[in-house]
Each structure stands twice: as C-alpha cells, then as structure tokens.
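Position chain B relative to chain A; hints supplied.
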Amino acid sequence: MMKFERYEWLAIIIMISLFIFVGFIQGWSVSLVILNMCIISAIMTMGVNISWGYAGVINFGVMGFLAMGGLAAVLVSYPPIAESWQVGGIGLGISFALLVVLVIAVMYINKTVIQKRNRYILNSLIIFFGILIIRHFYLNATHNIEDVNPAIAGFLGGLGLPIIFSWIVGGLFAAGVAFVIGKVALGLRSDYLAIVTLGISEIVVSVLKHEEWLSRGVKNVIGLKRPVPYEIDLQNADWFINLVTYLNSSKLNNIIDVTDRQQVLNNLIIDGSGIFVKLSYAILFLIVMLIIFYFANKAQLSPWGRMMRAIRDNETAANAMGKDVVKQHLIIFVIGAAIVGVAGAMLVTLDGLFTPSGYRPLRFTFIIWIMVIVGGSGNNLGAIFGGFVIWFSWIEAAPLTTFIINQLTAGLEPTNALKLHLLDSVPYFRYLFMGLILLLILRYRPKGIIPEKVRHS
Amino acid sequence: MIDFLNSIIVLLNFIIIPGISYGSQLALGALGVTFVYAILRFANFAHGEIMSFGAMITILFTWFFQSQNIGLGILPTALLALPIGIIATIILCIISDKFVFQYYRYQKSVPVVLAMVSIGVMFVINAIIRIIIGTETIKFSDGQKFIMKAKQFKVMTGLNEGLALKSSQVITILITILLLTFTFWFLQKTKTGKSMRAFSDNEDLALLSGINPDRVVFTTWIIVGVLACVAGTLYGLDKSYKPIIYLNLVLPIFASAIVGGIGSPFGAVVGGYVIAFSEIMVTYAYKKFFVYLLPSSIEPTGLVQLLSTDYKFAVSFSILVIVLLIRPSGIFKGKVL
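Going line by line, the protein sequences match chains A and B.
Oh and the first sequence: position 419 is 419 in this note's numbering, straight run, nothing missing.
Oh and the second sequence: position 33 is 33 in this note's numbering, straight run, nothing missing.
The following block holds chain A by itself, in its conformation from the complex (with noise of 0.2 Å):
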C-alpha cells in the first residue's frame, strides 16, 4: 500500500482548507461548485497523467476524448426517439453495413494485391466508388432524421438508460477513438504525435458539430436526467424538510413569530436543497476519483507501472529486452483516453446538457496539460493536486483580479478610461495567470509542484 509524505500530506490539507475557506468567504454553494469541477480535472488530468507522465506518450487529443465522452452520456440517457428510427433506421443500416463491406475489401485487396501500384490504384477506385453509393442511403437516412420534429428532436436521440451509465460507455467510446489514432500515429515523434493528436480532436469535435443526427450538432443536446435527486422534489420531501428543521434547530427556535419561523425555514430548505444536490455529485464524482486513482497508482507500482519507466527512460534500451515498445505505448494511450472519457461523460452529466460548440483546444486541452505539468507528471497525488490548483485559480482568478485592480487604480476617478477597459478585460486576465503559472514552474520546478518519486527497488 502506498505511503503519503509529509508534503503530500500538506498538499492535501491545502486543497481541502482552500474549500473550506471558500466556503466561508463566497457560500457553501460557490465552494461545492467548484469543487466538483476540480474533482473532475484531476480525473482528465490523471488520465493525461498515465500516458504522459508514465510511459511519455504525448496527448494533445483530451478535447476530443472529452467529447465522446460527452456524447456517451447523450446516447446512453437520452431517450430514444422512435419517429428518427422509423424514418432513418433502415438506411443508416445499409450505410453502415456497406461501410464494413468496404473496409473489408480494402483490408483484401491489401492482403492479396501485391504490386504497390495496382495496390493504391485499386483501393483507391474502391474507396472512391463506395463512398459514392455510401453517400446515397447515408445523406438520404440522415436528412429525414433531421427532419423528425427538428424544433425538439431531430436526432436518433439514445437509449433512455440511467446517465450513471454512461461513465463506462465513455470511456469504452474515448478508448476506442484513441485505439484507432493510436494505430495511426503513435510512431510519430513526439512533437508530431502532439499536433496530430491536436488535429484529430479537433476533427472529432467538427464531427459531433455537424452530424446532427448523431448528436444534435450545434443544436444541443438538453434534458438529461440527473443521477441525483432534483431540488424541487427535494424541497417538497418530508424527509428532507425534517433533516434541514433537525440541522438547524437552535436557529430557528430562537424565532417565536411562526410566519417569520415558516419563512427563514423556506430559505433555509431552498438554499440546502441546492447544496444537498451538489454535495451528492460531489460524493459521486469522489468515489470515482478514488476509484481511479488507487487502480492508477496500483498499476504504477507494479511490474507493468515498471515496465512502463523502462520504455519512458529509455526505449531503445526496453526494446532489446524485449518488451513490445509500440503495443505497450498504444495500450496506455488508450488508458489515459479511457480515463478521460469517463472525465466527459461526468461533465455532461454535471452540466445536465451536451453542448458540441463548447469543446475548444485552450479550455479543454490546454489547461489540463498545464494541470499536469504544475501538479508534477508521473506523480497520481500530483495530478489530482495540480487539477484542483489549477481549476481552482481558473475560477477565482476573476475577484482577484477585479480586487487587485481596484486597489492598484484606487487613486483614479471611476470614470477613467484606462481603469473602465481594465475592469472590462478581468475574465481574459487568468489566461494571463496560467501562462506565467506554466512558464514559472517550467522554468523553477520542472518536475511540477508534487514530482514523481524515485523509486529504487
């Protein structure tokens, strides 16, 4: 089992107190916001983790592995729409079908056809024709679906399971994206592997963007069913009207007017209601995490996890010892994306709604690298540590900022230009912040802010 230091254990009383305090400060509501948005960093950030921090396989693609992610969640919860398939099913079938039949042929003709030239010119032709007839059912299935009550559906909608589902189908979705990228490019250098991992998340975004059938495109997906228990039903449930009354009784029966009494309990079971929903998500995405992070940090200490330093340290050295250095990177790429595909699905599941125009590389690439450069890579506590940080001063670098202007121009008047125009730019000022933040510790603590330990064994 593995052992804490003195300084993780230091890392973790800071992230729990910066809660706390939060709490005190903005409302318990503010807090449990945020937190649940950390928890779900460092899930993705554990994710990048894996690949990069323990075997050095570069993932510039978490926008993308979010987003099936995210889609998992659309098609497990949703429920179906019977109308979409009545009109589109059939030729969706076929379109799909003929699509096995041509990977298959061209998987033949590479297989028999040996002459590189007639190889090519034939697959080719192949690919050419089939997409041709594919395109026929497909648009023909595909544009009747959108026209299925566009205003509400006008897509093939899911299969109306509890969204809780859709953690795992995330991840198989996310791991069977990277399974193919992964085939594709993992032999590239690392540089290369970065931009193309980059690029194709970003096809895979304009994907989901623009098949409207698939996933409502640009439409977005709303609805979705909670796996924890609405507000409303919360505050006409007795029980829990009971529990907010129990919690809170000195307080209230300090209050003799009844209607006044009636009233301060009113607000009280409101504001616990919504606290209460966003602790039991909280409590979910919690189990998860640790879920993850003991069977991440098992597989680090073992022979596998050692295997994996071996072919990050020195690969030429791991590969004349026999270890199948491109199975093993394609394994963890798959794992790492695994893992941020449940990340995904939490977040829609979080969010209540599936929005595809929402995935952009700065926001959901980007940060998580630097959540995973600042927590200190190869390192699991350092991850999750580095997820909250950084998602933490994300969200309160704006009142920082507003504070920290407002005492720096508190000599001007409040019309002046320059401070109005400084006020107006705060939400841009914590991409100022993540810049420098990287830049420092890359520049003064390059193996992040928990680095991995030496192991000597």
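Please keep in mind that the hints were generated in silico from the structure rather than gathered at the bench.
Incorrect hints may appear among the rest.
Once the Cα atoms are required to be at most 27 Å apart in a straight line, the calculated DSSO-like pairs of lysine-lysine come out as [said to hold, decoys possible]: (1) B:K166 - B:K139; (2) B:K166 - B:K149; (3) B:K239 - B:K139; (4) B:K242 - B:K145; (5) A:K219 - B:K312; (6) B:K166 - A:K419; (7) A:K3 - A:K298; (8) B:K98 - B:K239; (9) B:K239 - A:K447; (10) A:K183 - A:K111; (11) A:K183 - B:K312; (12) A:K453 - B:K108; (13) B:K149 - B:K287; (14) A:K209 - B:K312; (15) A:K447 - B:K108; (16) B:K166 - B:K239; (17) B:K242 - A:K219; (18) A:K209 - B:K239; (19) A:K225 - A:K209; (20) B:K242 - B:K149; (21) B:K242 - A:K419; (22) B:K242 - A:K209; (23) B:K239 - B:K149; (24) A:K323 - A:K453; (25) B:K149 - B:K139; (26) A:K209 - B:K287.
Note that the coordinates shown come from a computational prediction; the quantities given were computed from them, not determined experimentally.
For chain B alone, kept in the frame of chain A given last:
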C-alpha cells in the same frame, strides 16, 4: 465556347483566387513555423498568437492614422501601419526569447519541453491581446475594396459569370511574392543566411566553424517576426480580425509546414498552397461548374460537393495524417533550411 469560358471563370472566382490568397497567408505563417523549427528545433505553438499580436499592433496604428486623417488613398491605411506592427512583433519575439526560450536552449532541453514552454507563451500573448483589444471582430480594411467588381467584369466581357477581385487579395499576393523572394535571396546569397543554413544543417559543425549561435537565433527571430506580422495582418485584412481565429489558424499552419516537410522553407510555401487549395476544393459545391460544362441532359441535380463546408478544417488534417503515414518527412525532405 461561351459555356466553357463561363465555367473557367467560376473556377477562377471561387477556387483559384481565394485559394491563392489564403494559401499565401498560410505559406507565410508556415514559413515562420519552419524557421523556428529548423533553427531553434521546436514546434512553436505560440506562432498563431504572434501573428495575432502583429495584426493587433497594426490595427491600433491604423486607427491612429485614420484619426489623424493620414491615408494611402486607394490603398488600405493598414499598409502604412504595417512597418510599425512588424517592429513591435520583432520586439515581442526577442523579448520572449530572452526571457523564456533562451534558458531552455542553454539547458539543451528536449523539444517537447520547449513546445510546452511555447504553450505558456501562447497563453500569455493571448491574454495580452484580449486585454488590450478585446474579443470583438474588427474590420480595418479601408481604401478601395474591389479592384474589379463582378458586375464590371460581366459588362466588360459579356459573360454570364462575374469575376470579383478584392484589393486585399491582390495586396496579399504581391506582398507574399515580395517577401518570399527576399527570404530566399537572403538564405541563399547573404553571409548571415548561409550561416543560418549551416546552423540548421549541423549545429556542432556550424559552431566549430565559428558561427555565433546567438546571432543566428537573433536573426531567426527577426525573420519570424516579419513573417508572422505580415501573415497575421494580411489574414485580418482579407477576412476580418478576430483574436480567437488565430488559435484555430495554428493547426492549418502546422499542417502546411509538416506536409511540405518541416524545416524546409520551400516545402512550407508549397505546403501552404496545398492545404489551402485542398480545403477549398474539397468543400466547394461544383454544381455551377458542371452546369456550364455538361449538356443539359446529364446536368447534376445535387450540389456536387465532396464534403460540407463545415469540415474545411478536417480536410487539412486528413491530408496531414495521410502525408505523415505515406511520407513522414513531408513532400520535400525537411529539417534543413
């Protein structure tokens, strides 16, 4: 015959002219990326933001000149402000090198670390731009907008199809030719250019023969600053200036540089045009073209479009992936200036 001419005009108007001007912008950007890659040996993710920064300074001075009623008549005022933008961009490049990149160069860090560092620089420049100019879309082209309007062309030739020629497109093409000629002349004929090529070919050998690495790096950043500022301004002049766009532009630029063979300037230019033309050609609806060319009995009914315009971006990346799989070194073997 008339139909044939009409179809050619359609192609010229919707594919060739936009392709050349967009390709020029990509080529200038890719050339900058390639210079950093060949001399400093890392993938500079901040390049898009450097372009954006140059365009921003140019816009600020364009506004200043416009308020002073200084202009170039039919030419856009931005051309007058461009030199100032270039100087500011060069200063930005040299500052970021002095305070950030230099340290890692002396440490001999691996390229991935430098790429991470460039992401940090990207964030900082991005923030500076947003703080100074906001995130609104800005149109700053003035002067005469069209050299030839579609209507004029129709009247002139009596054809059905018009050919519009925006002045920003012509300016883009002329400046690109000028800049490319100068860059290649500089690399091939001057002593500094030759030392840069030697440095990119074999660093140790270049150092042994007495080439000052700091000077080579300094010159590189100057060239990169000029190229980035011009590319950014031309892109903004042609479309419109939007700070967020430049982050998305980084990917096609990288694609151009890699497709052409990263590190090879000639490859970067070719790659730029390859990416631009394929993006436009794959997503263009050829219906009009075929209507003119084919007899009316076999006219196409659909749009005759390979992919919808939404996938413009995916096209450049698919090409990148295909090229990397078939010929990993790019069209022209890269790595050497």
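Checked hints:
A distance of roughly 15 Å separates the Cα atoms of K166 (chain B) and K139 (chain B); the hinted pair therefore holds under the 27 Å criterion. Only pairs whose Cα atoms come within 27 Å are accepted, and K166 (chain B) paired with K149 (chain B) is accepted, the gap being roughly 8 Å. For a cut-off of 27 Å, the pair hint linking K239 (chain B) to K139 (chain B) stands: about 8 Å separates their Cα positions. Simply put, K242 (chain B) and K145 (chain B) have alpha-carbon atoms about 19 Å apart, close enough for the 27 Å limit, and the pair holds.
Taking the CA atoms of K219 (chain A) and K312 (chain B), the gap is near 20 Å; set against the 27 Å cutoff, the hint holds. Pair hint K166 (chain B) plus K419 (chain A) does not hold up; C-alpha atoms about 40 Å apart against a cutoff of 27 Å. Among the hinted pairs, K3 (chain A) with K298 (chain A) is consistent with the structure: their alpha-carbon atoms are about 12 Å apart, no more than 27 Å. Pair hint K98 (chain B) plus K239 (chain B) does not hold up; C-alpha atoms about 33 Å apart against a cutoff of 27 Å.
Annotation: proposed proximity of K239 (chain B) to K447 (chain A) is violated, straight-line Cα distance about 42 Å (limit 27 Å). The hinted pair formed by K183 (chain A) and K111 (chain A) meets the criterion: a straight-line CA distance of about 18 Å does not exceed 27 Å. Simply put, K183 (chain A) and K312 (chain B) have alpha-carbon atoms about 24 Å apart, close enough for the 27 Å limit, and the pair holds. Simply put, K453 (chain A) and K108 (chain B) have alpha-carbon atoms about 24 Å apart, close enough for the 27 Å limit, and the pair holds.
Straight-line distance between C-alpha atoms of K149 (chain B) and K287 (chain B) comes to about 23 Å, which keeps the hinted pair within the 27 Å bound. With a C-alpha separation of about 13 Å, the suggested pairing of K209 (chain A) with K312 (chain B) holds against the 27 Å cut-off. For the proposed pair K447 (chain A) and K108 (chain B), the alpha carbon gap of about 16 Å is at most 27 Å, so the pair holds. Between K166 (chain B) and K239 (chain B), the direct Cα distance comes to roughly 11 Å. Compliance with the 27 Å bound is thereby established for this hinted pair.
About 24 Å separates the Cα atoms of K242 (chain B) and K219 (chain A), which keeps this hinted pair within 27 Å; it holds. Annotation: proposed proximity of K209 (chain A) to K239 (chain B) holds, straight-line Cα distance about 23 Å (limit 27 Å). Simply put, K225 (chain A) and K209 (chain A) have alpha-carbon atoms about 22 Å apart, close enough for the 27 Å limit, and the pair holds. This hinted pair checks out: K242 (chain B) and K149 (chain B) have alpha carbons roughly 26 Å apart, not beyond 27 Å.
Between K242 (chain B) and K419 (chain A) the CA atoms are separated by roughly 24 Å; this keeps the pair inside 27 Å, and the hint holds. With a CA separation close to 21 Å, the supplied pair K242 (chain B) and K209 (chain A) stays within the 27 Å bound. For the hint pairing K239 (chain B) with K149 (chain B), the CA-to-CA distance comes to about 17 Å; that is within 27 Å, so the pair holds. For the proposed pair K323 (chain A) and K453 (chain A), the alpha carbon gap of about 23 Å is at most 27 Å, so the pair holds.
A threshold of 27 Å between alpha carbons decides the hint, and for K149 (chain B) with K139 (chain B) the separation of about 20 Å falls inside it, so the pair holds. Between K209 (chain A) and K287 (chain B) the alpha-carbon distance is near 25 Å, which keeps this suggested pair within the 27 Å criterion.
In this structure, the earlier hints numbered 6, 8, 9 are contradicted, and the remaining ones agree with it.
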